[in-house]
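Engineer: Sequence:
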Amino acid sequence: MSAKNILGLDLGANSIGWALVRRDEENEQENKILLCGSRILPTDAKMLDKFETGATTSQTHDRTQKRGVRRLYERHKLRRSRLCKVLNLLGWLPKHYAEHLDEHGNMTSEVKFDTTDDKQYIFGEAFEEMCNDFGGRTVSHDWTIYYLRRKALRERLTPTELAFVLLNFNTKRGYNQTRSTSEDESKEEATKEIVSVKVVSTKATGKSGDKTNYTITLENGGEVSYKSAKPIEDWVGQTKEFICETQFDADGNIKIGKDGKEIVRYKYPEDDDWTAKKLKTENEIETKGETVGEHIYNLLKKGGDEVKIIGEKVQTIDRRFYREELRKILTKQEEFVGELTDEGVYERCVEALYPNNETRRRVLLQRRNEGLKEILMDDIIFYQRPLKSKKSLIADCPIIKGKKVMSKSNPIFQEYRLWGFVNNIDYESKDEKGKLTREVRSKLFERLTRKKKVKKEEVENMLWEITEGRKKKKSDNLKKVNLVEGKEYPCYETRTQIANALIKGGMAKESAWEWIETNVECEMKIWHILYSVMDTEECRKAFTKMVANDETLREADNKMKKGESESAIADALARSAAFKSDYASYSEAAVKRLLPLMRSGETWKWENMDEKTRDRCEKIMTGEVDDTIDERTREKLSGMKTEEDFAGLQQWLASYAAFGKHSEAKNAEMWTSPQDINKYINKFKQHSLRNPIVEMVIMETMRVVRDLWQKMREKDMGEIDEIHLEMAREMNKTAAERKMISEQNVMRENENEAIRKLLREFANDAEMKEVRPNSPIQQMKLKLVVEGAFEHAYINTNKDDKEAIDEIKEMQSKLYKGDIGSSDIKKYRLWLEQHYCSPYTGRNIELSRLFTTDYEIEHVIPRSVYYDDSMLNKVICESAVNKKKDKMLGMEFIKKMGGIEVELGNGEKVKILTEEGYRALVNTTFADHRKRERMLAEEIPQQFTNQQMQNTRYIAREIMGALGNIVRTEDNGQAE
154 MSAKNILGLD LGANSIGWAL VRRDEENEQE NKILLCGSRI LPTDAKMLDK
204 FETGATTSQT HDRTQKRGVR RLYERHKLRR SRLCKVLNLL GWLPKHYAEH
254 LDEHGNMTSE VKFDTTDDKQ YIFGEAFEEM CNDFGGRTVS HDWTIYYLRR
304 KALRERLTPT ELAFVLLNFN TKRGYNQTRS TSEDESKEEA TKEIVSVKVV
354 STKATGKSGD KTNYTITLEN GGEVSYKSAK PIEDWVGQTK EFICETQFDA
404 DGNIKIGKDG KEIVRYKYPE DDDWTAKKLK TENEIETKGE TVGEHIYNLL
454 KKGGDEVKII GEKVQTIDRR FYREELRKIL TKQEEFVGEL TDEGVYERCV
504 EALYPNNETR RRVLLQRRNE GLKEILMDDI IFYQRPLKSK KSLIADCPII
554 KGKKVMSKSN PIFQEYRLWG FVNNIDYESK DEKGKLTREV RSKLFERLTR
604 KKKVKKEEVE NMLWEITEGR KKKKSDNLKK VNLVEGKEYP CYETRTQIAN
654 ALIKGGMAKE SAWEWIETNV ECEMKIWHIL YSVMDTEECR KAFTKMVAND
704 ETLREADNKM KKGESESAIA DALARSAAFK SDYASYSEAA VKRLLPLMRS
754 GETWKWENMD EKTRDRCEKI MTGEVDDTID ERTREKLSGM KTEEDFAGLQ
804 QWLASYAAFG KHSEAKNAEM WTSPQDINKY INKFKQHSLR NPIVEMVIME
854 TMRVVRDLWQ KMREKDMGEI DEIHLEMARE MNKTAAERKM ISEQNVMREN
904 ENEAIRKLLR EFANDAEMKE VRPNSPIQQM KLKLVVEGAF EHAYINTNKD
954 DKEAIDEIKE MQSKLYKGDI GSSDIKKYRL WLEQHYCSPY TGRNIELSRL
1004 FTTDYEIEHV IPRSVYYDDS MLNKVICESA VNKKKDKMLG MEFIKKMGGI
1054 EVELGNGEKV KILTEEGYRA LVNTTFADHR KRERMLAEEI PQQFTNQQMQ
1104 NTRYIAREIM GALGNIVRTE DNGQAE
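Under the working numbering, think of the first position of the sequence shown as 154, with each following residue one higher.
Misleading hints may appear alongside valid ones.
What the hints assert, rightly or not - As a list, the in silico DSSO-like pairs of lysine-lysine whose alpha-carbon atoms are at most 27 Å apart:
| hint | residue 1 | residue 2 |
| --- | --- | --- |
| 1 | 393 | 485 |
| 2 | 588 | 625 |
| 3 | 526 | 248 |
| 4 | 345 | 431 |
| 5 | 364 | 430 |
| 6 | 1048 | 1062 |
| 7 | 608 | 640 |
| 8 | 794 | 588 |
| 9 | 481 | 230 |
| 10 | 694 | 526 |
| 11 | 485 | 526 |
| 12 | 408 | 625 |
These aren't lab readings, by the way, just hints derived from the structure by calculation. The structure presented is a predicted model; accordingly, all values stated were derived computationally and were not measured.
Modelling step: build the complete structure from the supplied sequences, incorporating the hints.
Structural biologist: Written as structure tokens, this is what we have:
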């Protein structure tokens, strides 16, 4: 039949447009629109307002937040009731407090523990002792708890005093920093610590608004950049505390700068820097050998009423400090309080806590010899509810039904991804081009397994050494590979992290690598622990057991045992960061079937394939008829004649060999009636896509299609033969346009990486020594600095050569001593893009002031009226001019304020351009740029914002899989 019913859908974030068209290829006169319409989505006005400002939140977001606060409070009360239940059973609670408890330990009415109903303070004796210790100073009753915590480490407490201490720990138990949020010392980042160093000199280097820029030289040779509104010359000779950051590379070694010195940076902590306060307090506690309670007590004793405790000194202390203190207190009190070690008391407490949980009760009763201390700490005060499983949110495998996709950090996926990377490498040299041989790919793979990341230049050097057997020389003609210049490609990140942890634990570098390469099963166990266990202590216990059972690890660990640590290697592994919860496209079962087809060299064996895959491959080689092998698969694998031909396959070929499909639709289900859509709607889980706008559009679209399909059947209009989706504009391009966009993206990616390199070199090489003309980064440096900064400094300011060069060097030495952030890169790109000139004043922007507070990134069309945070909507201008422009469009600002003078500070003024001057500047600067339309716009554009575009792409991608089930063919499962 030549006539088709085609359903066209135009999906937007706020509406759905649709049209049903009859198309007859043989008789064009029969082409017509059968039905059409639109559905406006029932979006809440408040939610829509948030969406337009770029915030995609659920309608229940506020309610969920408040419920979360209530749950935290309820969990605190539950811990308190469990603790009170035990303390009441022991008879340690004061009478006035126990009278307000029910049988479960819940408070029937809130009363103070330390004060009776007639306002009598029950810890008067301890309070008097504290007053004497303070030398007769006026002190608060509230400080008694810290005196008792200090006393408990040395002397006997009464049962009531010990109960008071335990309830205090239940209230303030510290911040639980799990491995998923902890700083990992082996990562390619910086470790931070607080150090006290004497200041040798201070030098003022310029102004940033109302603050002076200083360069502080330290006694140990370090330098600190600091901004201060007050003079700091009197710091010379004083010892100050600084945050010391030590930079590590991908292999866990301290980075070395171009001067041959280790990269260590110093920063003076700001008053509101909570990280600095946390590091400082923890450092003081560890250095002085105090507990948290002792630390607070000594601060009170030293500083009196001026010391602020809550929110100032102990707000961000890690929970481990509290655990250590309570363990020391209970261990000491076991010497005086018999109930803590009495097995009969222990059993009664277990029965009271777990009357219905027989499993937990049985486990605890087997540990009765440990005493009540462990129950009080682990089951009550420091109990942490395990996180609920979110496995349901993990995507299903598109190849094997019923399986969830695997984690990217899984060693099996790491090997799969690396083989995919190696097998896709093409090369081109002066004399030849093509794919690498399987032998070369195998050797390259072996080298890359010891790399966390790799760049194009490194791969080319490795290939030269593999093929030529020697190091390359400058005159050698390298084989160029099809990789992006400067981009870092992931290799074997998981194995690298584990190896670095073993090395930090004490194993020799080569021994660590040999052990992990020959103990693949142990590698999987280590990964599984690091991936699934968030608690550092639990990790340490698991790794300690592993070290004890492995002779190689145990032998290395015995050589490196430090202090009280049970295992240096276990400690190092436990401190490793938890792997990210990123997921691959396939399940572990699917990858295990693909891997044997992708391997090369000694790692490939025909026997390693599963029986089903071997059977398919044999029938493909012999041409034997098999209904499960379609013509498409036979066509793709027509050149496979021997077993060895199935080695080193690219991922897509391996997928055809093992499963008969590659990028075909995930779900081969075929819907035959509108009721099938109802089943889909009923099964759809709210919040499963983590984007309420997308979920709403998908559900409404499915309802539209269901109703239309039902109507077509009622009117005997036939079935839906094709469905056309209107997607985001970038996805509606011809092949030539897509190719051009792809090339532009690669160029932009290279440009971004080059700029990052340039800025890093500025940071580490202020004098620009050892210029290498053939270096791509130095070529970019010459291009940007000479054409950009030099042109500005020399031509636009009429300075001679020496002055211009001196200014550029001074700018480099001033600005690039710290880490370069993304905002700096954006500022630099915008500065080049607008030809070093402020668009609203026409004034030249000096490079030496570009990264100061004198200039800001400004949105041409304000985000408050049109949320677009792309580079297309940004320019650099004076901070004062940006404040004056406020919520006006660029052209609107010029029309209203053109010709007026704006105060820049320090007696400096600038005049806003007139409309004529502004148009001339914009037309010249942005003649061939899309930004010109934004700069000259007099009203808000009607096009999609970036946020809307992203949501539209997401909607299209998700809904294509569902709608494909309507127009899928029965023979091969392909969607029309």
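Engineer: For the pair supplied as a hint, residue 608 and residue 640, confirm whether the alpha-carbon distance does not exceed 27 Å.
Structural biologist: holds (6 Å)
Engineer: For a C-alpha distance cap of 27 Å, please report whether residue 408 and residue 625 respect it.
Structural biologist: holds (25 Å)
Engineer: Does residue 526 lie within 27 Å of residue 485 when you go C-alpha to C-alpha?
Structural biologist: Satisfied, since the Cα-Cα distance of roughly 11 Å is no more than 27 Å.
Engineer: Check whether the Cα positions of residue 345 and residue 431 lie no farther apart than 27 Å.
Structural biologist: Holds: residue 345 and residue 431 sit about 11 Å apart, inside 27 Å.
Engineer: Are the Cα positions of residue 694 and residue 526 separated by 27 Å at most?
Structural biologist: The hint holds at about 19 Å.
Engineer: Quick one, are residue 1048 and residue 1062 close enough, alpha carbons at most 27 Å?
Structural biologist: holds (19 Å)
Engineer: Assess, step by step, whether the Cα of residue 393 is no farther than 27 Å from the Cα of residue 485, and give holds or violated.
Structural biologist: Not satisfied, since the Cα-Cα distance of roughly 37 Å exceeds 27 Å.
Engineer: Taking 27 Å as the top limit, are the C-alpha atoms of residue 526 and residue 248 close enough?
Structural biologist: holds (24 Å)
Engineer: If you draw a straight line from the CA of residue 481 to the CA of residue 230, is it 27 Å or shorter?
Structural biologist: holds (25 Å)
Engineer: Please verify whether residue 364 and residue 430 have alpha carbons no more than 27 Å apart.
Structural biologist: holds (23 Å)
Engineer: Does the alpha-carbon distance linking residue 588 and residue 625 stay inside the 27 Å limit?
Structural biologist: Status holds; Cα separation ~21 Å.
Engineer: Take a quick look at whether residue 794 and residue 588 sit within 27 Å of each other, Cα to Cα.
Structural biologist: With Cα atoms ~19 Å apart, residue 794 and residue 588 stay inside 27 Å; holds.
In this structure, only the earlier hint numbered 1 is contradicted, and the remaining ones agree with it.
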